[in-house]
Amino acid sequence: MAREKKRLAELAALVQGELIGDPEVLIGGVADFDNAGNGDITFVADLKRGARLGECKASAIIVPASVTEINGAAIRVKNPYLAVALIHTLFVEEPFVATGIDARAVVGENCHIPAEVSISPLVYVGNRVRLGQRVKLHPGVVVYDDAVIGDDVVLYGNVTIGHSCHIGNRVIIHSGAVIGSDGFGYATDGSGRHFKRPQVGMVRIDDDVEIGANTCIDRATFGTTWIKRGTKIDNLVQLGHNVVIGEDALIVAQVGMAGSVTTGNNVVIGGQVGLGGHIHLGDRAMIAAKSGVHSNLEPGSIVAGIPAIPHKTWLRSSAGYAKLPEMVRELRELRRKVAELSRAITPDGAAAPGNNE
Amino acid sequence: MAREKKRLAELAALVQGELIGDPEVLIGGVADFDNAGNGDITFVADLKRGARLGECKASAIIVPASVTEINGAAIRVKNPYLAVALIHTLFVEEPFVATGIDARAVVGENCHIPAEVSISPLVYVGNRVRLGQRVKLHPGVVVYDDAVIGDDVVLYGNVTIGHSCHIGNRVIIHSGAVIGSDGFGYATDGSGRHFKRPQVGMVRIDDDVEIGANTCIDRATFGTTWIKRGTKIDNLVQLGHNVVIGEDALIVAQVGMAGSVTTGNNVVIGGQVGLGGHIHLGDRAMIAAKSGVHSNLEPGSIVAGIPAIPHKTWLRSSAGYAKLPEMVRELRELRRKVAELSRAITPDGAAAPGNNE
Amino acid sequence: MAREKKRLAELAALVQGELIGDPEVLIGGVADFDNAGNGDITFVADLKRGARLGECKASAIIVPASVTEINGAAIRVKNPYLAVALIHTLFVEEPFVATGIDARAVVGENCHIPAEVSISPLVYVGNRVRLGQRVKLHPGVVVYDDAVIGDDVVLYGNVTIGHSCHIGNRVIIHSGAVIGSDGFGYATDGSGRHFKRPQVGMVRIDDDVEIGANTCIDRATFGTTWIKRGTKIDNLVQLGHNVVIGEDALIVAQVGMAGSVTTGNNVVIGGQVGLGGHIHLGDRAMIAAKSGVHSNLEPGSIVAGIPAIPHKTWLRSSAGYAKLPEMVRELRELRRKVAELSRAITPDGAAAPGNNE
Chain B
116 MAREKKRLAE
126 LAALVQGELI
136 GDPEVLIGGV
146 ADFDNAGNGD
156 ITFVADLKRG
166 ARLGECKASA
176 IIVPASVTEI
186 NGAAIRVKNP
196 YLAVALIHTL
206 FVEEPFVATG
216 IDARAVVGEN
226 CHIPAEVSIS
236 PLVYVGNRVR
246 LGQRVKLHPG
256 VVVYDDAVIG
266 DDVVLYGNVT
276 IGHSCHIGNR
286 VIIHSGAVIG
296 SDGFGYATDG
306 SGRHFKRPQV
316 GMVRIDDDVE
326 IGANTCIDRA
336 TFGTTWIKRG
346 TKIDNLVQLG
356 HNVVIGEDAL
366 IVAQVGMAGS
376 VTTGNNVVIG
386 GQVGLGGHIH
396 LGDRAMIAAK
406 SGVHSNLEPG
416 SIVAGIPAIP
426 HKTWLRSSAG
436 YAKLPEMVRE
446 LRELRRKVAE
456 LSRAITPDGA
466 AAPGNNE
Chain X
116 MAREKKRLAE
126 LAALVQGELI
136 GDPEVLIGGV
146 ADFDNAGNGD
156 ITFVADLKRG
166 ARLGECKASA
176 IIVPASVTEI
186 NGAAIRVKNP
196 YLAVALIHTL
206 FVEEPFVATG
216 IDARAVVGEN
226 CHIPAEVSIS
236 PLVYVGNRVR
246 LGQRVKLHPG
256 VVVYDDAVIG
266 DDVVLYGNVT
276 IGHSCHIGNR
286 VIIHSGAVIG
296 SDGFGYATDG
306 SGRHFKRPQV
316 GMVRIDDDVE
326 IGANTCIDRA
336 TFGTTWIKRG
346 TKIDNLVQLG
356 HNVVIGEDAL
366 IVAQVGMAGS
376 VTTGNNVVIG
386 GQVGLGGHIH
396 LGDRAMIAAK
406 SGVHSNLEPG
416 SIVAGIPAIP
426 HKTWLRSSAG
436 YAKLPEMVRE
446 LRELRRKVAE
456 LSRAITPDGA
466 AAPGNNE
Chain E
116 MAREKKRLAE
126 LAALVQGELI
136 GDPEVLIGGV
146 ADFDNAGNGD
156 ITFVADLKRG
166 ARLGECKASA
176 IIVPASVTEI
186 NGAAIRVKNP
196 YLAVALIHTL
206 FVEEPFVATG
216 IDARAVVGEN
226 CHIPAEVSIS
236 PLVYVGNRVR
246 LGQRVKLHPG
256 VVVYDDAVIG
266 DDVVLYGNVT
276 IGHSCHIGNR
286 VIIHSGAVIG
296 SDGFGYATDG
306 SGRHFKRPQV
316 GMVRIDDDVE
326 IGANTCIDRA
336 TFGTTWIKRG
346 TKIDNLVQLG
356 HNVVIGEDAL
366 IVAQVGMAGS
376 VTTGNNVVIG
386 GQVGLGGHIH
396 LGDRAMIAAK
406 SGVHSNLEPG
416 SIVAGIPAIP
426 HKTWLRSSAG
436 YAKLPEMVRE
446 LRELRRKVAE
456 LSRAITPDGA
466 AAPGNNE
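So the protein lines, in turn, are chains B, X and E. Its first residue numbered 116, the first sequence is counted upward by one per residue in the working numbering. Its first residue numbered 116, the second sequence is counted upward by one per residue in the working numbering. Its first residue numbered 116, the third sequence is counted upward by one per residue in the working numbering.
Certain hints may be false.
Derived list of chain E stretches under chain X, where covered just means 3 residues or more per stretch with a C-beta under 8 Å from a C-beta of chain X [as the list claims (entries may be wrong)]: (1) 374-380; (2) 443-456.
Simulated coverage check for chain B against chain E, where a stretch passes if three residues somewhere in it have a Cβ under 8 Å from a Cβ of chain E [stated by the list, open to error]: (3) 139-153; (4) 271-281; (5) 286-296; (6) 444-457.
What the hints contain is simulated information worked out from the structure, not anything from laboratory work. Every value quoted in this text rests on a predicted model; they were computed, and no experiment measured them. Note that CB positions come from ideal geometry on N, CA and C, so glycine has one too.
For reference, chain B alone in the conformation it holds in the complex (with noise of 0.2 Å):
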């Protein structure tokens, strides 16, 4: 597992950064700041860490452009974390390693396999399943019947990929996620019984795409369910039937959407956020975490609450809320001293000037 070392300028010129010191120096890898050593690069991504940077024992570190006095070897970029994502995965990514189909894999009729793949023990993939270059499927992983992966494609433990379903190329998707389960479709008669409506459709899943562990994507009622190029979605999201995701979004943990939501590109859905069925989200709508969102957004919209409002008037409306039985306190005391007032100057009951009632 020893890795190649790298020069620093070598790491400076692959993120387009100003190199500070030795070019010559060598790096075999990345650590946080707190742990990193002698060969390793590290970063800082504020100044608070910057303040620390004499601490550090890294052999080079990645500072933002904020940071003007450095005195060991380091590499300044406009954006740290992009930098170290870019360092970090030169070192770490393995190259494939093909193994072919295990004895012990099960494999149906008219597949679609190229030599170079690897499907561990214990999966199952079925009939006239097409697999791109160098997939890579982990033991428990169910592919049913007609379902495309693209190339490069990993399917993590347990993964099961529904009938029909199309997975594009670099597609990460983890431990146990569910795409293509039937969508929650019922018709109800007049006695109260539900009458289970077919979902025939099926799930697109563009390049790029991660899925977290556990997630749910359910197939669409008629059409598809799609999941545009490079969208994150983190574990155990729920995504409803005909349910669009645009480009580059991000989904963070348990968020729900109910059937035929759409997005724009590049949201930002935040934590255990609820969106009702049939809404829009324009471009780059940001969701702030817990949120219930009921009608459609507009682009660039940031919002939060239940349902969810502007995020600054939600920020005071909050406020506000932890003020309530003040308020309900204050609002009692005034309605008592109006009263007072009011008789203080009508004390027959007459009625004063202006008062028309």
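Since the structure of chain B is provided, determine the placement of chains X and E on it from the hints.
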């Protein structure tokens, strides 16, 4: 996969609808409004879509009673969703194909398994398990000892059925669901350590229940966690020990119920709702998404909020919440004005008439 | 399955309770109050049930100290739930039966596996895995490379343990739980594309922890996501990367914690609570169900709401919330009255004494 076509008259009779146009039109399947073509039947559920009837390329259309101007072939019904569910099911349901017990499945001792079942590869069935007719166990399913499973049950990939649990007829359980995990029950000693209370009860799922992907239903501490006939449960739902759900409930995704919640029939529980322990929901109670309920609900209640209050009140309270910052400001202003008025009337601080302080 | 019977005196000694009645009564098991019969011991936890003691058909009963009038055999204890937990465990715990490694399990290379384990069919164990004594791996379990699992651990069906994770002694993990999935960490470039930050840390679970079905615990970005001794976690919980939970916590179902949350010991977190990233909960902090916490909590805090406020305030604020529509009306009415009074005093609009505007 070519389906047998049906005469429109036959479909109209099935759904007890009013046949409009040619009874001999042949229908081969159901499609949604925008994608339906020749040989399809489609539907409109509301008048808005009804206004676009002329655009429809389907051979026939299911319309609600309110639609009166129809040019082509149609079936007019009270409840289009119900009619679609029945007709669509007719077209998509496949005859059960018994593949028996795959050699790569694992089945324990003393089980009762009819000839007409389909047990996929990589299924595990424990000892003394009883399966009904036409049961289908998908790959990765784990059925523990002494479980009893009824006729026509489908367990999708990686479902777990705990020991001694009883599953009724025509039950569908989606991938990754866990039936019969231990309830969350501990006793805590004086030093704060928690001791597990054995969870020795079981889970009983009655006929025609459907359970979503990655949903968890805990076994009872003593006795039975019980889901009654016809109830439909969405994905990622958590039902605690000794919960009893009545018939024909709809429980939307990510609902959580603490232990010993009980409900009447036909309750509807929105997504991400949380129910506190040991409460009872009366028949037909409806709970809006994201609500938190901590006390019993009368039959027919409609509630929302945390804690839940009548839905009508909640609508106005939530509107008031958005106005809280303004209310705080107004209250401050009123206090100031009342103090001024007070001074104006009693500039020397003497008690005004009617002021008893 | 016939259990050895125990003398009541022996059970009383086990729980350090006061024996009442015949010490020689033989007890064969624990049952709940309504179903207990001859040979059973049962319990009442509160006085309400105590009032029904005469109806009890059990051979003996565990009662709290507050119950003084008892006719039959009993054990009087400070904490009936704790006594029941200990006595019930005595009756139901089964000796470990080592079945070894089933031929239909898959075990990698260079593992350390003692003779006394039970590895079921359809289990996958990677390379260089270390298992303790009396480990039980149920069907469908996936243990990745380099994991370390302590003594007396039970992993139920379809549990996934990620590579390099460490599981302590006597840990129980329920079906479908995922330990060691990647944390949700990305860096975003100027065009809005997200780049995965490698998640190279691990998860450490200490002794006597129990983890619920389909719960997800992400590995650390760097370092360790750490659950300390004795903590109990319910179903469908999400713990982000680098979370550290203290000892003896109770974390109820569907809780979600963002990355780097840390807690002291003995915290109690209600169902569906959400915790923002990088906050610390002091020892014994308690958070009511469905709350959202975005800042540190002092030891012993009791909070509720979104955002969380002191529980006592929340109780009154939530009562005020239901009165908001009325408050809006009253505020409007007061404004009207104050304006009237103002006009009554200064009908010509001249400033009244004390009015400095």
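Going through the hints against the structure:
Counting residues of the segment 374-380 of chain E whose beta-carbon sits less than 8 Å from any beta-carbon of chain X gives 1, not enough to reach three: the coverage restraint is violated. Coverage of the segment 443-456 of chain E by chain X holds in this model, with 6 residues showing a Cβ closer than 8 Å to a Cβ of that chain against a need of three. Counting residues of the segment 139-153 of chain B whose CB lies closer than 8 Å to any CB of chain E gives 4, which reaches the minimum of 3, so the coverage claim holds. Coverage of a stretch by a chain is defined here by at least three residues with a beta carbon nearer than 8 Å to that chain's beta carbons; for the segment 271-281 of chain B and chain E the count is 3, and the condition holds.
Given a C-beta distance limit of less than 8 Å, the hint that chain E covers the segment 286-296 of chain B holds, as 4 residues qualify and 3 suffice. With 6 residues bearing a CB less than 8 Å from a CB of chain E, the segment 444-457 of chain B meets the requirement of three and the coverage assertion stands.
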